[in-house]
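Trainee: Given next are the chains, with one letter for each unit.
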Amino acid sequence: MGKNLIELNHISKIFDGEQVIDDLNLSIKENSFVTLLGPSGCGKTTTLRIIAGFIRPDKGNVIFDGVDITDLPPNERQLNTVFQKYALFPHMNVRDNIAFGLNIKKKSKSYIDDKIKYALKLVNLDGYEKRNVESLSGGQQQRIAIARAIVNEPKVLLLDEPLAALDLKLRQEMQYELKKLKNELGITFIYVTHDQEEALTMSDTVVVMNQGYIQQLGTPEQIYNEPENAFVATFIGDSNIVHGVMLEDYLVEIFGSPFKCIDSGFGKRQPVDVVIRPEDVDIVDINSDKAILKGKMIGAIFKGEMYEMECRTNDGFEWLIHSTDLVEPGKEVGIFVEPENIQIMNKPASEDEEAVEVLAELNEE
Amino acid sequence: MKNKKLKLFTIPYAAWMLFFVIIPIFIIGYYGVTDSNGNFTLANIFSITQYEHYKSLFLAIYLAIICTVICLLIAYPLALILRKLDPKLSGTLIFIFLLPMWMNMLLRTLAWQILLERKGVINALLTMAHLPTLNIINTNAAVVLGMVYDFLPFMVMPVFNSLSKIDDSVIDAASDLGAKYHTVLFRIIIPLSIPGIVSGITMVFIPALTTFVISNILGGGRILLIGGLIEQEFMHASNWNLGSGLSIFLILFVFVFIAISMFFDDEEELA
Ligand SMILES: Nc1ncnc2c1ncn2[C@@H]1O[C@H](COP(=O)(O)OP(=O)(O)OP(=O)(O)O)[C@@H](O)[C@H]1O
Ligand SMILES: [Mg+2]
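As they're listed, the protein sequences go chains A and B.
The opening residue of the first sequence carries number 6 in this note's numbering; numbering runs sequentially from there.
The opening residue of the second sequence carries number 40 in this note's numbering; numbering runs sequentially from there.
In short, the hints are calculated from the structure, not lab data.
Keep in mind it's a predicted model, so treat the numbers as computed, not measured.
Where hints are given, some of them may not hold.
[To be verified] No farther apart than 30 angstroms at their CA atoms in a straight line, the calculated lysine-lysine pairs in the DSSO-like style are these: (1) A:K110 / B:K123; (2) A:K64 / B:K219; (3) A:K90 / B:K94; (4) A:K336 / A:K295; (5) B:K204 / A:K90; (6) B:K44 / A:K120; (7) A:K160 / A:K111; (8) A:K185 / A:K120; (9) A:K135 / B:K219; (10) A:K160 / B:K219; (11) B:K204 / A:K110; (12) A:K110 / B:K219; (13) A:K64 / B:K94; (14) A:K64 / B:K46; (15) A:K352 / A:K295; (16) A:K90 / A:K64; (17) B:K127 / A:K112; (18) A:K265 / A:K8; (19) A:K122 / A:K111; (20) A:K135 / A:K185; (21) A:K122 / B:K46; (22) A:K114 / B:K127; (23) B:K158 / A:K90; (24) A:K112 / A:K64; (25) A:K185 / A:K265; (26) B:K127 / A:K90; (27) B:K127 / A:K111; (28) A:K126 / A:K185; (29) B:K123 / A:K135.
[To be verified] To be clear about the criterion: a stretch of chain B counts as covered by chain A if any three or more of its residues have a C-beta under 8 angstroms from a C-beta of chain A, and this derived list gives those stretches: (30) 53–59; (31) 147–153; (32) 157–166.
[Claimed, not checked] Using C-beta positions, here's what the derived DEER-type ranges look like: (33) A:K110 / B:L132: 32 to 40 angstroms; (34) B:W141 / A:S113: 52 to 60 angstroms; (35) B:P126 / A:Q177: 35 to 43 angstroms; (36) A:A169 / B:F48: 54 to 62 angstroms; (37) A:Q177 / B:H221: 51 to 59 angstroms; (38) B:L132 / A:E310: 54 to 62 angstroms; (39) B:D207 / A:F341: 53 to 61 angstroms; (40) A:K122 / B:L132: 44 to 52 angstroms.
C-beta: ideal position from N, C-alpha, C; glycine also.
Full structure from sequences and hints, please.
Mentor: Here it is as C-alpha cells:
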C-alpha cells in the first residue's frame, strides 16, 4: 500500500434538481479494499459510476494514477465493473462473454484461451466455457461476470452490490471467495453495499455515506467502535444512543447519573450524544455499587449466538442489551458500562451541518 | 366452471374466424384446383410460370425488398433514438407516429396520389419555389414510397420493442470492457434485437408483397404486382379459378418466407 490510485476531488452531481453527490472527496490507495456503505439512494452507485465513467460529474474531477480522467469515456478507462444484475451478454456463451474484452484488445487466440481457463479456475467454474449464460444459477452468473472483468487485468475492480441478489448462504460463501480473489489478484477493489456486515467483514476501509455526503471513513474497527456521529452509530450495528451532558473531562452524565468515560476536550455542561453498543451494556446486581442506573428487564429473545434483551431504566429509556447470559424479564437490575465502551459524539445542529463537519475533518487529515 | 364461461366469450371470435378466414380459404382452395367446369387441375397454380404472371411476382418481390430495406434503415436508427429517450417522451412520439395508422389505408394512399400528381401539391410548391418538378407518380418509386409510408410503423414497433428490452447495464458492461460505440452496436445491440428485426421484416415484407391498393393508386395501372394481378382476375376478368390458383401460390410463397424467418429467429435464441 502507499500511493493514491484514485482521487475524487470536490465531486458534485445533480439529477433532476436533486443534489445526489455534494462536494465529495475521497482518496483510494493502491491495493486497498474500499467499501462504500450507506442506505438506499445515498449515492453509492452514482459515485461508482462516476469512477467508471458512465456519469460525468457536474463539478470536480477524477484522478486515476495521477492523471485526470474526468473526461475519459468508460471504454478507455483501465478499470472494470461487476454489475449488480450481472449484465452478462445473453446471446453469447460463457467463453464469448469472458473473451469480449480481450477480443476488443485483439489478443491472440491462445492468450485468450489461457486467460479464460485461468479465470474460470479462479472463480471455481472450470469447464463451463460452452455453457449458455442463461442456464446458469445466479451465483454462477455472478462468478462469470467477475471472470469477465478480471481477465482484462484492470488495476481497479468496481463491484456494485455484486452479491445482493444471492441468498444468505451463497452470499457468505462468495464474500469469502471475493476476499480470497482480491488477495490473489493483488488489485484494488471498490465495493458498494448497503449491508453493513458485509462491509465490515470484507474491507480494509469503509466509507459510510448518507445523502451524498461521506459520514465517516475508516477501518471497520474504527467505524464500529468509534462512530463519528449518530447516523454512523445507528447504521452500523445496533446501538443505544442517549442524550448526555459532559460534566468534566472523562465524566459524562446520562439520565442524571455520572458515567466515567475516556473522552475529553468538551465544554463544561456541553450536551452530547452518547453511543453504547448493546453488547457493552453490563447487567449487574441492583444493590452493587456498580449499578449506576437502575431498572427492570422487560423482554428477552434468543438469537442463537446470544440473547437480545431489553431493560427499562427508571428514566423510561429502553436499553438494548446483547449477552450470552439470560436475565429473566421482570427482574430488577442495575446497569453499568465500562468507560472505554462509552462513545461520546458532538450533537449535530442539523443533518447537513453534521455532514459538513465530518467532511471538514476529513479534509484536514 | 370458470372455463365454461370463458369459452362462451370465444364464440364470436371463433365464428369470425370461421366465416371470414377459414371458409374463404376453403373457397379459394376449391377454385384454385378446379377449372371452369369444376374438374380438378393444377394448371391455375402452375400458371405462375407464364411470363406476365412471374413478371408481376418478381416485380412485387423486388419492390417489397426495397421497401423493407428502406423501412429497416429508417426504423432502426429511429428506434435507437426512441430507446434513449425518457419513456414518457418516447411513448408520446410513438403515439404520434402511429396516429396516421388510424386512418384508412386507402385514404392515406389517395392522399399521396394527390401530393405526387403531376399537377399535385408537391409540384405546385416546387414550381412556386422555381425548382424542377418531381415526376414520380405512376412509377416504381411512387409505389415504394407509398409502401414505406404505409408499412413503416410495422417495422418501428417490433424493432423498438426488442431494443427497449435490452438492459442498459448490458450496454454499459460492453463499453466498460473497452468497446467503442460501433462495437457495442454490432456485437451487442443488433444481435440482441434480431427477433424484432425479423418480425419487422416479416410484417413489412408480406403486406408489401401482396398489396394491390398501393400499386393501383400510385402506379396508375402501369405497375402490375402479383396482388394486383390476382385482384384483376377476381374483379375484372371474373376468372376466379385463375385468381385462386395464383393466390394459393402466393400463400405458399409467404409460408416458405415465414418458415425461413422463424428459422433465423430460433437460431438466434438457441445461440
Ligand atoms: N440517472 C439518474 N437520473 C435521475 N436520478 C438518478 C439517476 N441515477 C440516480 N439517481 C438518483 O440519485 C440518488 C442516488 O442514487 P444511487 O443509485 O447512487 O443510490 P445508491 O446509493 O446506489 O442506492 P441503492 O442502494 O438503492 O442502489 C437517488 O435518489 C436516485 O433516484
Ligand atoms: Mg445502487
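Trainee: Against this structure, judge whether each hint is valid.
Mentor: Now the hints, each set against the structure:
For the hint linking K110 of chain A to K123 of chain B, the alpha-carbon distance of about 28 angstroms falls within 30 angstroms, and the restraint holds. For the hint linking K64 of chain A to K219 of chain B, the alpha-carbon distance of about 26 angstroms falls within 30 angstroms, and the restraint holds. For a cut-off of 30 angstroms, the pair hint linking K90 of chain A to K94 of chain B is broken: about 54 angstroms separates their Cα positions. For the suggested pair K336 of chain A and K295 of chain A, the alpha carbons sit about 17 angstroms apart, so the restraint of at most 30 angstroms is met.
For the hint linking K204 of chain B to K90 of chain A, the alpha-carbon distance of about 15 angstroms falls within 30 angstroms, and the restraint holds. A threshold of 30 angstroms between alpha carbons decides the hint, and for K44 of chain B with K120 of chain A the separation of about 61 angstroms lies outside it, so the pair is violated. The hinted pair formed by K160 of chain A and K111 of chain A meets the criterion: a straight-line CA distance of about 19 angstroms does not exceed 30 angstroms. Only pairs whose Cα atoms come within 30 angstroms are accepted, and K185 of chain A paired with K120 of chain A is accepted, the gap being roughly 19 angstroms.
Taking the CA atoms of K135 of chain A and K219 of chain B, the gap is about 26 angstroms. The hint holds against a cut of 30 angstroms. The straight-line distance between the Cα atoms of K160 of chain A and K219 of chain B is roughly 20 angstroms, inside the 30 angstroms bound, and the hint therefore holds. Between the alpha carbons of K204 of chain B and K110 of chain A the distance comes to roughly 28 angstroms, so the proposed pair stays at or under 30 angstroms and holds. Proposed proximity of K110 of chain A and K219 of chain B is supported: the alpha carbons are some 11 angstroms apart, at most 30 angstroms.
Restraint check for K64 of chain A and K94 of chain B: not satisfied, since their Cα atoms lie roughly 66 angstroms apart, outside the 30 angstroms limit. The hinted pair formed by K64 of chain A and K46 of chain B fails the criterion: a straight-line CA distance of about 63 angstroms is larger than 30 angstroms. Simply put, K352 of chain A and K295 of chain A have alpha-carbon atoms about 28 angstroms apart, close enough for the 30 angstroms limit, and the pair holds. Our distance criterion of 30 angstroms between C-alpha atoms is met by K90 of chain A and K64 of chain A, whose separation comes to about 29 angstroms.
Note on K127 of chain B and K112 of chain A: the hinted pairing is violated, with a Cα-Cα distance of about 43 angstroms set against a maximum of 30 angstroms. A threshold of 30 angstroms between alpha carbons decides the hint, and for K265 of chain A with K8 of chain A the separation of about 41 angstroms lies outside it, so the pair is violated. Taking the CA atoms of K122 of chain A and K111 of chain A, the gap is about 18 angstroms. The hint holds against a cut of 30 angstroms. The hinted pair formed by K135 of chain A and K185 of chain A meets the criterion: a straight-line CA distance of about 26 angstroms does not exceed 30 angstroms.
Taking the CA atoms of K122 of chain A and K46 of chain B, the gap is about 57 angstroms. The hint is violated against a cut of 30 angstroms. For the suggested pair K114 of chain A and K127 of chain B, the alpha carbons sit about 46 angstroms apart, so the restraint of at most 30 angstroms is broken. Restraint check: the Cα-Cα separation between K158 of chain B and K90 of chain A comes to about 60 angstroms, which exceeds 30 angstroms; the hinted pair is violated. The hinted pair formed by K112 of chain A and K64 of chain A fails the criterion: a straight-line CA distance of about 37 angstroms is larger than 30 angstroms.
This hinted pair does not check out: K185 of chain A and K265 of chain A have alpha carbons roughly 42 angstroms apart, beyond 30 angstroms. A hinted pair counts as satisfied when its Cα atoms are at most 30 angstroms apart, and K127 of chain B with K90 of chain A qualifies at roughly 24 angstroms. With a CA separation close to 41 angstroms, the supplied pair K127 of chain B and K111 of chain A exceeds the 30 angstroms bound. In summary, the hint linking K126 of chain A to K185 of chain A is supported, as the alpha carbons are separated by about 13 angstroms, within the 30 angstroms threshold.
With a C-alpha separation of about 33 angstroms, the suggested pairing of K123 of chain B with K135 of chain A is violated against the 30 angstroms cut-off. Only residues whose C-beta sits within less than 8 angstroms of a C-beta in chain A count toward coverage, and the segment 53–59 of chain B has 0 of them, not enough to reach three; the restraint is violated. A stretch counts as covered by a chain when three or more of its residues have a beta carbon under 8 angstroms from one of that chain; for the segment 147–153 of chain B and chain A the count is 0, and the coverage is violated. With 0 residues carrying a beta carbon less than 8 angstroms from a beta carbon of chain A, the segment 157–166 of chain B misses the three-residue requirement, and the given coverage is violated.
Between K110 of chain A and L132 of chain B the C-beta distance comes to about 38 angstroms, which sits within the given range of 32 to 40 angstroms. Range check, W141 of chain B to S113 of chain A: Cβ separation about 57 angstroms, and the 52 to 60 angstroms hint holds. In this structure the hint that P126 of chain B and Q177 of chain A lie 35 to 43 angstroms apart at CB holds, the actual value being about 38 angstroms. The given range of 54 to 62 angstroms is broken by A169 of chain A and F48 of chain B, whose C-beta atoms sit roughly 44 angstroms from each other.
Checked against the given bound of 51 to 59 angstroms, the beta carbons of Q177 of chain A and H221 of chain B, roughly 42 angstroms apart, lie outside it. About 58 angstroms separates the C-beta atoms of L132 of chain B and E310 of chain A, a value consistent with the hinted range of 54 to 62 angstroms. At about 55 angstroms, the CB distance of D207 of chain B to F341 of chain A agrees with the hint of 53 to 61 angstroms. In this structure the supplied range 44 to 52 angstroms holds for K122 of chain A paired with L132 of chain B, their Cβ-Cβ distance being about 48 angstroms.
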